[in-house]
Amino acid sequence: MLLDLMLGSLLLLSALLSLHSRNSLKSGIFFVVFGLLSGLLWVRLEAPDVAMVEIVLGSAVTSLLIFKLIATARIKAVKVHRIRKFWAGVISLAFLVYMIPYLLTLRKEQRIEVLVFEKLSMSGVESPVTAVLLNFRGYDTLLEVGVITLAVFGIIALNKGDKVYVWRDPLVQSLSRWILPMTVFFSFYVTYLGTFSVGGAFQGGSLLAGGLIFLSLTGQDVHIGESIKKSLLLLSLLVFCGVGLMYAVTGYGFLVYPLPLSTISIILIELSICLSTALLLYTAYRGKV
Amino acid sequence: MSLDLGYLVAFPILGGLLSLIGRLRLYAVFVFGLLSCFLSFYAFLLSLKHGKPLYQWVGGWIPPLGIGLRLDGLSGFFLMFTAVVFVGVGVYSLGFFKSAYKEREEFFWFFFFFLWAGLNAFFLSEDLFNLYVSLEVLSLTAGVLVALPGHKKAVRASLNYLLLSLFASLLYLFGVAIIYASYGSLSMHMLAKSFSEGGEFLYSLLPLIVSLSIKSALFPFHFWLPPAHSSTIAPASALLSSLVVKPPAYLLLRVWIEVFPKDKSLEYVSWVLGLLGALAIFFGSYYAIRQKTIKMLLAYSTVAQMGYLFLIVPLYYKAQYAEMRTTVIEGFTMQAFSHALAKASMFLASGNAIYVSKRDDISYMPGFAHSHPFTFFALFFSGATLVGLPLSGGFFAKFLLIKASFEVSMLFQGVVLLLGSLLAALYVYPIWRESLSFQPEKIYHLPIPRLMEVSAFALGFVAFSSGLVAGFLLQALSGV
Amino acid sequence: MVLSLILSSLIASLLIAFFKEEWYLPRTLVNVVAAFYKLFVVAYLLWATYQGRVFEISYPMVPFADFHLRIDPAGLLFVSLSSFLWLLTTLYAVGYLEGSPNRRRFFTFFNLAVTSTMGIALAGNMFTFFLFYELLTLSTYPLVVHRGTQKALKAGGVYLVYTLLGGSLFLLCLVVLYTLVGNGDFYTGGNPKLALWVEGQPLMAEFLFYGLFFSMGVKAAIFPLHGWLTRAMVAPAPVSALLHAVAVVKAGAFGVFRLIYNLYGVDLVQSMNLWQLPAYLAGFTLLFGALMAVFQEELKKRLAYSTISHLSYIFLGILIPGQIATMGGLLHLVNHGIMKITLFMCVGNYSQAYGAHKVREVAGMGRLMPITTLSLTLASLGLSGIPLTAGYLSKKYLEEGAKMAGVEWALYLFYAGSILSVLYLMPIVFVAWLGKSKEEKRNFPETSLLMVIPPFITAFLTLIFGVFQHQKLNPVTWVKLIASIEYGP
Amino acid sequence: MISFYYILSFILVAVSVYHFIAAESPFKRLIAVNILGSAVFLFFLTTSKNTPSQNPDPVPHALVLTGIVVAVSATAVGIALILSLSKREKDES
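Which chain is which? The protein sequence lines are A, B, C and D, in order. The numbering used here applies: residue 1 is where the first sequence begins, and numbers increase by one. The numbering used here applies: residue 1001 is where the second sequence begins, and numbers increase by one. The numbering used here applies: residue 2001 is where the third sequence begins, and numbers increase by one. The numbering used here applies: residue 3001 is where the fourth sequence begins, and numbers increase by one.
Quick caveat, the hints were computed from the structure, so don't treat them as lab data. It is possible that part of the hints are untrue.
Stated by the list, open to error - Straight-line alpha carbon distances no greater than 20 Å define the calculated EDC-like cross-link-like pairs of lysine to aspartate or glutamate that follow:
#, chain 1, residue 1, chain 2, residue 2
1, A, Lys230, D, Glu3092
2, D, Lys3049, A, Asp221
3, A, Lys230, B, Asp1360
4, B, Lys1052, D, Asp3091
5, B, Lys1442, D, Glu3089
6, D, Lys3049, A, Glu46
7, A, Lys79, D, Glu3024
8, A, Lys288, D, Glu3024
9, A, Lys230, B, Glu1106
10, A, Lys85, D, Glu3092
11, B, Lys1358, B, Glu1267
12, A, Lys230, B, Glu1200
13, B, Lys1052, D, Glu3092
14, A, Lys229, B, Glu1106
Said to hold, decoys possible - Derived list of chain B stretches under chain C, where covered just means 3 residues or more per stretch with a C-beta under 8 Å from a C-beta of chain C:
#, region
15, 1027 to 1034
16, 1207 to 1221
17, 1305 to 1316
18, 1418 to 1427
Here the structure is a predicted model, which means the values were calculated and not measured. We put the CB at the ideal spot given by N, CA and C, even for glycine.
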C-alpha cells in the first residue's frame, strides 16, 4: 500500500511538473519520468505486457520524438488569459465533483476473464493478452495496425525532405555496431515470447525500432531500396488483411482462424507486425522513407 | 445472399495500401474503389431485404469476448451514402490532381481509402472499444487530410483539430472504461440489456457526450471546424465536411435509442443537447451569412446543419412509440444523407470556382450559369438541398423531423427547424446570386476538367432528386 | 398516362440540360416533340375523362403520405390550359431567344417549371401538391434572373423572399395537416377526415384554412403579397407570358380551388364562413391592381398589375358560394390565361422588334406590326369584357354568380374592374393604331414568324370562345362538368 | 487500493483537462493529451484488478496496449505537425 501511495504521488508530481514547467526541455524530461513511473505502476497492477509497451513505446519512442521536436523546433508560447485559466479550473473541478460519487458504487464485478481463460486453449496461443489482442479482438488490432501505418504515412506526407538528426560521437558510432544485431535478436525473441508469456509484436517491434533509431543517430541508415522499405512498412497490414480475407474467402469468416492453423496464423501476423512496427516507428522518427 | 462484413473494411484498406505503389495507383483506385462501392451497395440492399439486424462476430468469438459487427437499415444506409460520396469525390479527384497539387496525389488516395475503411468500420461496429479505434482512424486521417496542402494555415488548422480530436477520443475512451468497469462488456446489444435506470453508466455520460460533441463540432465546440474544413484542397474538404462529422452523431443516436434505458436524468441531458443544437443552427447560420469566402461559408453551414442532428435529441427520449421512433430515425438519416451529398457537391463546385478564378471570395465567384452550366446546376441543386426545398432529401428530413416534433408537441424543435431552413436560404442565396450574375469580368471561359464538373453535378443532383425515391430508401430503416 | 404528362416535360428538361449550347436543332426538336406529345396525351385524357374514366397513380413516399397523382376534371382543365400554352410559348421562345446566350439553361428550367405546373394540377393530395408547388418556385427563380443583370438579380431575391416565406408557412400548415388531421388527400366534396377533425377543433381549422390560403396567395399575388410579381417582369418575355401570367399565379389560384373544393369542401367553407375574409381581400386586390395598372407607364408592369387584378376575379369566383360563380372563376382562369399570354407575347414582340417598352413608345405599331397589334387588340377587348369575346363570357358568369349568392359588393367590383380594364388597356390599343412613329416599315413578316403566330392563335381563340358559346369544345362545357361534380348533380 | 488508483486517475484526468484548455503552446497541449491517455489507461488497468477471481482481467490489458499504440501514433503525427508548423513559421520570418 505504501509503495502504491509513493508511486502514485510521484506519478502525479511528475505529471504536474511536466505540465507546469515553462521550459520545454524540463517539461519533456518530466514527461519521460512520468512514462517510466507509469510503466512501474502497470507492473504493480499486474499488467507486465502493458508495462513493457509503455516503457519501450510510450516513454522511449515518444521521448525520442519529443526530444527531436525540442531540439529542432522553436516552441512559441502564448500568454494564456486569466479568464481561460479560470474556466479551465472550473471545468476540471466540476469533473472531479461529478466523479466523486462514482467511488461509492465500486463493487467487484465478475467479468470476461473467466471466459478468456476458458477459451484460451482454442485461441492457438498461451498468453491471455496475446490471445485477446490477436485472436479474440484481432479486429481491433487490425485497425490499430492501420492507425500506425496511417500515422507514419501522414508524417511522410507532411515532412517531405526533412533533415535527419545525426549524433557524431565515436563512442556512439562503435556502440551502434554492437547494439543493432543484439536488438534484432532480442526483438524477435520478445515477439516469440508473446505467444506464451509476457511479450509480443509491438514490444518487439518497438525494441527493433529503438535499435534502428540509434543507428540513424550515428548518421547511418538501413541500406535497402526505397521500394522494399515501403513494402516492409505496409507488410503487417497486408499480411493481417490478407490472412483475414483468406479465411473469409475460404468460408470460415473474416479473421476466423480455424484451430489447427491459428497458431501459425498468429505467429505470421506477429512477425509481420514486429517488422513493420520497427520500420514504421523508425520512419516516424526520421520523417521520411 | 450473404456478405462477410469484414470485406467492407479490408478492401478499402487494401486499396489504400496498393495505391501507394506508384505504378499500380490508378488500377488500385479503380478496382478497389469500384469494389468497395459495390460492397457498400450490396450491404445496403441486403439490409433492405433482410429487415432485421444482421450480426457478425469477427473472429468467430461471440461478445463479450469478441467484437460484433452489425448491419441493419441504419448502418446500411450510412454505408450506402458514404460510398456515394466517396465515388463522387473520387471521380472529382481524378480530374483535380491532373490540374493542381500533382505532388500530393501520391498520398491522397491512401488517406482517401483509409477514411472510407474507417467510416465503414465505424458504421458497422457495435463494440464500444472498436468504435474508439475507428474514431482514431478517422481523426488521424482527417488530420492529415487537413494538412495536405502543406501551407501554414492548413498545418495550423490540422494541428488544432488533431489535438482536440485526440483529447475527445481519450474522453470517449474514459467513458467506455467506466462502462466496462461496471458492466464487463463492450458490446452495445449486451449493454442494452444490462443498463438500468440510475445505473453507473450515468457517470460515463459526461465524458462520452462531451467527446462526441467535440468530434461532431456541436456548438460551442465548433471552433475547430471552419479553419480545418476550409483550408484544405477541395476533395478533402468535401470528404471532411460531408462525412467525418457524421459518425459521432450517428453513435449518439444509436446509443440513445438502442442502449440507454428510460431515465429522468437522460431527459435533462437530451434537452441540453437539443438547446445546443438550436444554438448551433443559429450561430452557424449567422456566421455562415457573414463569411466573405465560400469555403468558410460552407464550413459554417456544416456547423448549422449538424445542429439539426442534435436539435432532435430530445425527440429520441420522447420517441416512445415504435412508429414515432422510426420517424425520428428516418428524419435523422435523411438529414445526414442529404447534407453529406449536398455539402460534398458544394465543396467540389467551390473547388471549380477556385480552379477558374483562383480566388475564394464569394463576391468574386465566377458567373457559372453563363459559362459552366454543370457547376451551376451543382450549386443550384445542392443549395436547394441544404435549404430543404422539395423534392430534395433535405426537405424530407426537415418535414419528417418537424412532423415528429409536432407529434410529441415539442413545438420548439419544429419552429427551430423551420427557421433553420430560412436561415440556410440566406447563406445559400449569395452563392446562387453570384453564380447567376452576368458581369463580363467574372465570366471565365477556361474549361474545367469534365470529371470535376460532372462529379459535382452528379452529387448535387442525386441529393436533390433523392426525395423522389425517399419512400424506397426509408424502407430500409423500418426494421431498426 | 398520368406519368407521361409529367415525364414528357421532365425528360425534355433533363435531355436539354445535357445538350450542348450550340445544338440548336436537337434542342428545338426535343422541345416541340415533347410539347406535341403532351398535347396529344391531354387530348386523349380529355376524351377519356369525359367518358368518366379515372386515372391515378400513387406510391408511398413517406410513411404517412403518398406521392399521389390523379386526374380529375378540374386538374385536367389546368393541365390542358398550360400544356396548350406551353406549346405556343415554346415556339415563341425559340424565336424570341434566337441568338441569345444560355438557351440550354433557359429551356432546362422552363421545362422543369412546366413539369411542376403539371404536378400541381395532377396532385392528389396536399403533400404532392406542396412538392410541386415548391419545385415551381425553385425552377422559376433561374428564369426570373435569366439575364443576370443587377436588376434581375434583385428581382430574383425579392421573388425568393416572398416564395420562401410563403413556402415555410405552407410547410407549417402541411405539418399541422398531416399531424393533427393525419390526412391531406383531395376528395370530391371535401376530405371526410378533415371534416371530422374540424368539428372538434373549429378554431384550429380556421387558422389552418387561412394559413393555407395565404401560402397559396403568395404565388397568386394577392394584395399584400403581390410585390414580387411586378418586379419579376424583368424576366424574358416568354417567362412573363407563360409563367407569370399563367402557370405560377394560377398555380396559386388553383391551390385555393383545391383547398376549398377538395380539401375542406364547399359546404364546410360556407357553413364556417371561411370564404368571406379571403373574398374581401380579393375584392380589394381587384380594385387595387386595376387602379395601379392605370398609372403604369411600362407595358409589362401595367400587364402585371392587370394580372393581379384579374386573379382576384378568379378568386372571387372560386370563393363566392354557388355553382355559377365557380364556373365563372374557373372559366376566367382559362380565358384570362389565353388573353394575358397574348398580351405578353405581343408586348414582347414590340420590345424585341422596335425596343418599345412604354405605352407611348408603341405609337405607330399598328402600321409597323399589324398582325401583332391586331392580336393585342383582340386580347385587350377580351380582357375588358367586350361582348363576343371570351372575357365577356366569363365575366357574365361571374356577375350572375355574385348576384345569385347575394354578394352585391362583388358585383359592383366586377363592373368597376371592367371599366378600369378599359381604362388601362385601351390607351395601348389606341396609341398603337393611331399614334405616329418615325420608324420605317419593315417587310412582312413583322418579326420572326415564330413570334407572330402564337399570339395570333391565342387572340383568335379569344374570339372563337366568345362567339361559339354553346359548342362542345368550348371550355364552358368542361367548366360546367367540374361545377356539377363539385356541387353534386 | 482500488479506490486510491481510481482517485489518482480522476485527478490526473482533471489536471490534464485543465492543462489542455489552458495550455500556452501546442506542445504542452500534446503532453496534456498524453497524460490524459495515461490517466485513462490507469483507470482501465485498475478495473482489471477489480475482480473477484485471482487473475487480473486480461481484456483491459489488451485494450490499453492498443490504446497506447494508438496514442503514440497520434502523438507522432502531432509532433510532425508542430515541427512542420514551426518550419513554415521560420521560413516566413
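Status of the hints after comparison with the structure:
For the proposed pair Lys230 (chain A) and Glu3092 (chain D), the alpha carbon gap of about 33 Å is over 20 Å, so the pair is violated. This hinted pair does not check out: Lys3049 (chain D) and Asp221 (chain A) have alpha carbons roughly 44 Å apart, beyond 20 Å. Note on Lys230 (chain A) and Asp1360 (chain B): the hinted pairing is violated, with a Cα-Cα distance of about 37 Å set against a maximum of 20 Å. The straight-line distance between the Cα atoms of Lys1052 (chain B) and Asp3091 (chain D) is roughly 58 Å, outside the 20 Å bound, and the hint therefore fails.
For the suggested pair Lys1442 (chain B) and Glu3089 (chain D), the alpha carbons sit about 34 Å apart, so the restraint of at most 20 Å is broken. Proximity of Lys3049 (chain D) to Glu46 (chain A) is assessed by CA-CA distance (about 8 Å); at most 20 Å being required, the pair is judged to hold. Taking the CA atoms of Lys79 (chain A) and Glu3024 (chain D), the gap is near 6 Å; set against the 20 Å cutoff, the hint holds. Annotation: proposed proximity of Lys288 (chain A) to Glu3024 (chain D) is violated, straight-line Cα distance about 29 Å (limit 20 Å).
Under the criterion of a C-alpha separation no larger than 20 Å, the hint pairing Lys230 (chain A) with Glu1106 (chain B) is consistent with the structure, at around 13 Å. Between the alpha carbons of Lys85 (chain A) and Glu3092 (chain D) the distance comes to roughly 31 Å, so the proposed pair goes past 20 Å and is violated. In summary, the hint linking Lys1358 (chain B) to Glu1267 (chain B) is not supported, as the alpha carbons are separated by about 49 Å, beyond the 20 Å threshold. Distance hint between Lys230 (chain A) and Glu1200 (chain B) is unfulfilled; the C-alpha atoms sit about 47 Å from each other, more than 20 Å.
For the hint pairing Lys1052 (chain B) with Glu3092 (chain D), the CA-to-CA distance comes to about 58 Å; that exceeds 20 Å, so the pair is violated. Under the criterion of a C-alpha separation no larger than 20 Å, the hint pairing Lys229 (chain A) with Glu1106 (chain B) is consistent with the structure, at around 16 Å. A stretch counts as covered by a chain when three or more of its residues have a beta carbon under 8 Å from one of that chain; for the region 1027 to 1034 of chain B and chain C the count is 0, and the coverage is violated. Counting residues of the region 1207 to 1221 of chain B whose C-beta lies closer than 8 Å to any C-beta of chain C gives 0; at least three are required, and the coverage claim is violated.
Counting residues of the region 1305 to 1316 of chain B whose C-beta sits closer than 8 Å to any C-beta of chain C gives 0, which falls short of three, so the coverage hint is violated. Beta-carbon proximity to chain C at under 8 Å applies to 4 residues in the region 1418 to 1427 of chain B; the threshold of 3 is reached and the given coverage holds.
Violated hints for the displayed structure, listed by number in ascending order: 1, 2, 3, 4, 5, 8, 10, 11, 12, 13, 15, 16 and 17.
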